[in-house]
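Asks: So the chains spell out like this:
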Amino acid sequence: MSKKDATKKTFDNILLTLEETQEKVGYLPAEFMVELADSLDVPVSDVYGVASFYSFLATRPPGRNVIRICKSLPCHLKDGQTIIDTIEKEIGVKPGRTTPDGRFSFELTNCIGLCDGAPAMLINHNVHVDLTPGKIASILDKYK
Amino acid sequence: MPQAKIVLKNCGIIDPKDINTYRTKDGFKALDKARGMTAAGVINEIKTSGLRGRGGAGFPCGVKWEGARNSPGDEKYVICNADEGEVGTFKDRYIIQNDPFSLVEGLAIAGYTVGARQGYIYLRAEYSYLLGLLRGAIDQAQEAGYLDGFNIAIRLGAGAYICGEESALMESIEGKRGESRYRPPFPTVAGLWQKPTTINNVETLMNVAQIVLNGGGWYAQMGTERSKGTKVFSVSGDVARPGVYEMVLGSPLRELVEGLAGAKDIKMIQIGGATGRIIPYDMIDTPLAFESYLGAGAITVYNKSRDVLDIVGRTMEFLAEESCGKCTPCRQGMEWMVEVLGRFHRGEGLARDIGYMEVLADTMALSSLCGLGQAAPFAVVDTLKYFRSDYEKGISGK
Amino acid sequence: MGDITLTMNGAAISGREGMTILEVARENGIDIPTLCYLKELTPIGACRLCVVEVEGSRMLVGSCHTPIAPGMVIQTHSPKVLEVRRVLIELMMASHPDSCIVCEAANCCELRMRATDLEVGLPRFRTRLRYFPLEDENSNIIRDMSKCILCRRCVTACYNTEGKKMFSLAYRGFESKVIYDLDKPVGSDETCRDCDTCISLCPTGALRQPIKFGQRKKGPVLYVKG
Ligand SMILES: Cc1cc2nc3c(=O)[nH]c(=O)nc-3n(C[C@H](O)[C@H](O)[C@H](O)COP(=O)(O)O)c2cc1C
Ligand code: SF4
Ligand code: FES
Ligand code: FES
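Protein chains in written order, with the numbering used here: chain A, -11 to 132; chain B, 6 to 403; chain C, 83 to 308.
Treat the hints with care, as some may be off.
Calculated Cβ distances over 10 Å to all of chain B for the following chain A residues [as the list claims (entries may be wrong)]:
| hint | residue |
| --- | --- |
| 1 | Thr74 |
| 2 | Glu78 |
| 3 | Asp129 |
Pairs of lysine-lysine, BS3-like flavour, derived with a Cα cap of 25 Å [claimed, not checked]:
| hint | chain 1 | residue 1 | chain 2 | residue 2 |
| --- | --- | --- | --- | --- |
| 4 | C | Lys259 | C | Lys246 |
| 5 | B | Lys390 | C | Lys259 |
| 6 | B | Lys30 | B | Lys14 |
| 7 | B | Lys272 | B | Lys309 |
| 8 | A | Lys12 | B | Lys181 |
| 9 | C | Lys259 | B | Lys181 |
| 10 | B | Lys181 | C | Lys247 |
Just so you know, the hints here were simulated from the structure itself, not pulled from any lab data. Bear in mind the structure is a predicted one, so any value in this text is a computation, not a measurement. Each residue gets a CB set at the ideal place from its N, CA and C atoms; glycine is no exception.
If we strip away everything but chain A, and leave its shape as in the complex, we get:
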């Protein structure tokens, strides 16, 4: 009995290519995904399948700065919700949204491994820990 192998054909690393593009362009434009699929000779649905799996990959343009604030339990216990509310007030959009001026995207994320500094958040690749409502304005100020 012959078994055909669905995994034989390895695409030369879709994820790696997507990550590189996102780092350069900020997100994954549809045209790029189509191009990548063509060059690897896979259907574009495969590329989109990978892109949509990972929460750090964006298929729509995000803001210039991406705020990722932790909503998991250890941060929640340290009043993380207040910080989330403070940011929402400060930038004027709800989690999941981007400010109209494109300055910030605001996302809630699961534990980012900074629970010893809860509540914690990442802005772009930077760490901000031991947050208090009073600190938010001056932190956000640094990101234009």
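Let chain A serve as the given structure and place chains B and C with the ligands on it in line with the hints.
Replies: The following block gives chains B and C with the ligands in isolation, referenced to the frame of chain A:
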């Protein structure tokens, strides 16, 4: 006695950016020593040490290495799992921040022992700020000639807790969706690109150099019957001093939580994060060991003011969001759990759903494809056991 | 002739090296229900319906992808296994619409057949439904992804049998979906061949053939008992 520094011995002592400071602390001596031994010799020391995986599953490290070593094939891989996505875990971050060299050395010893020329470190995207440090450590080791014939590449995750699960992690390195694979075949036989592969947690690899240098017998003196050595714990939640603590295995939980971290008015403790176990305060004298439960060593403390249903609900929400969605029990079961716990939390629960939760928990544990779905119901099962009245209060009309 | 002997439901049977538990069971006339498994293709292991009890294993074991080993002691229909299979079917139906009565696939729905076989009662685990608009513009295929139970047969079959790949998995967890292109509906201009492969394999009414004018509905395949 219970606090000891094996894994964290260099943390705060060496400069993580400078290989020379690491050299003065016996750095890379173990790698030299290992290369003077046979692979079987190294495996033997690791086996004697009793070292078990620190990433959650507790699999004996020596047995894993031996499996990959003995699998036929020239092309083999060793992987360091630095995905650390479990809620409340941050020890691997702390380790990389403070002593990336021991990790590189541990991985190189693994590579030598298993017979792999290529190693990978899979670092979660949330730790992208550690990339420079980690790369620096690899490059310096390379330049100093310690990595001859062995190449280490860093692969960055892209935001998916499931990619900490070993088979999903390998799918992710291959560039695919991070979906779990069924086993067998086990990674030691057919892992990354279907080649024999070992995968180890950061902390597991941190122990390796010490074991090679001092001997497995030395290591095996510490700990209990089935839990040798030390464990690094990440303590968070309602404690005065959250942080990273290294303890000899078998130490009492109380000492860690009340003594070192300064917790008061404890209601319950979650050991091992979202896929971990929950125990009430009166079990605080449980020893910290594989014999009871360890997970990856996340200790989240909840005080008396906390709402059990809120905590379990959030735990389930996390797992539902992070399920890869491949298998039925995990994908569909998590969704139902989240919805039902939400109803109980709002006081709209149905009495019969308590029984259904138990039925579903059984099915998930028994039939899920990977450890996520299998361990996902723990929080529900444990709180139903110890805090059942909280659920009963959530029944509509009560 | 077999070279590996094992015990299945109390009887000693044998199989050849490399066979899965499922293959050996079928060869010996034991019917283990499956959904995602497709004969001749690499197992997927997603639906979990084929789980069996293997002595010495804490978890149940997926029979469609687990190779046999000498001395294995297997229970394919123990009460524990049957209960788990029942719950799995209920979970598949948990987010599936209640439209069986008007569904084209109703009398040849494999999901329904499995549910009947396992005597699944009223569903205990209803969740929110997954709603997607009907994709009915193509002349070869109609997709109603609200009915999809994510068995992945269509994805695998299109690739392996037809050498094409119309569909892929996208998103994750409960949001997972079998998508076409960049998650577009299969439109009228798409290159789906009229091969029927995925349609005939879909265990639910999620994939079907458009009924062309003058054409009779598919003959009755009464899977459903009673
Ligand atoms: C859902 C899930 C998430 C996991 N996440 C991690 C992780 O972030 N880091 C880790 O080292 N192991 C993680 N594991 C355990 C790995 O699958 C694997 O057992 C481990 O990396 C093996 O290394 P060890 O033997 O050194 O512990 C996870 C397991 C599961 C089921
Ligand atoms: S459309 Fe049908 S065949 Fe395809 S995954 Fe869904 S249920 Fe399975
Ligand atoms: S819970 Fe917020 S960083 Fe871990
Ligand atoms: S038939 Fe075996 S997992 Fe689906």
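Asks: Is it correct that the beta-carbon of A/Thr74 has no partner in chain B closer than or equal to 10 Å?
Replies: 20 Å, holds
Asks: Does C/Lys259 pair with C/Lys246 here, judged by a C-alpha cut-off of 25 Å?
Replies: 19 Å, holds
Asks: Checking one constraint from the list: CA of B/Lys390 to CA of C/Lys259, max 25 Å. Satisfied?
Replies: Violated, at roughly 36 Å.
Asks: Straight-line Cα separation of B/Lys272 and B/Lys309 no greater than 25 Å?
Replies: Holds - the C-alpha atoms of B/Lys309 and B/Lys272 are around 5 Å apart, at most 25 Å.
Asks: Are the Cα positions of A/Lys12 and B/Lys181 separated by 25 Å at most?
Replies: 20 Å, holds
Asks: Are all beta-carbon distances from A/Glu78 to chain B longer than 10 Å?
Replies: Holds: least Cβ distance 23 Å, greater than 10 Å.
Asks: Report holds if the minimum CB distance from A/Asp129 to chain B is greater than 10 Å, and violated otherwise.
Replies: A/Asp129 is indeed farther than 10 Å from all Cβ atoms of chain B, at 20 Å.
Asks: Holds or violated: B/Lys181 and C/Lys247, Cα atoms, limit 25 Å.
Replies: 16 Å, holds
Asks: Given the proposed pairing of B/Lys30 with B/Lys14, does the C-alpha separation stay at or below 25 Å?
Replies: The hint holds at about 9 Å.
Asks: C/Lys259 and B/Lys181: Cα distance at most 25 Å?
Replies: 16 Å, holds
Checked against the numbered hints above, the structure breaks only hint 5 and satisfies the rest.
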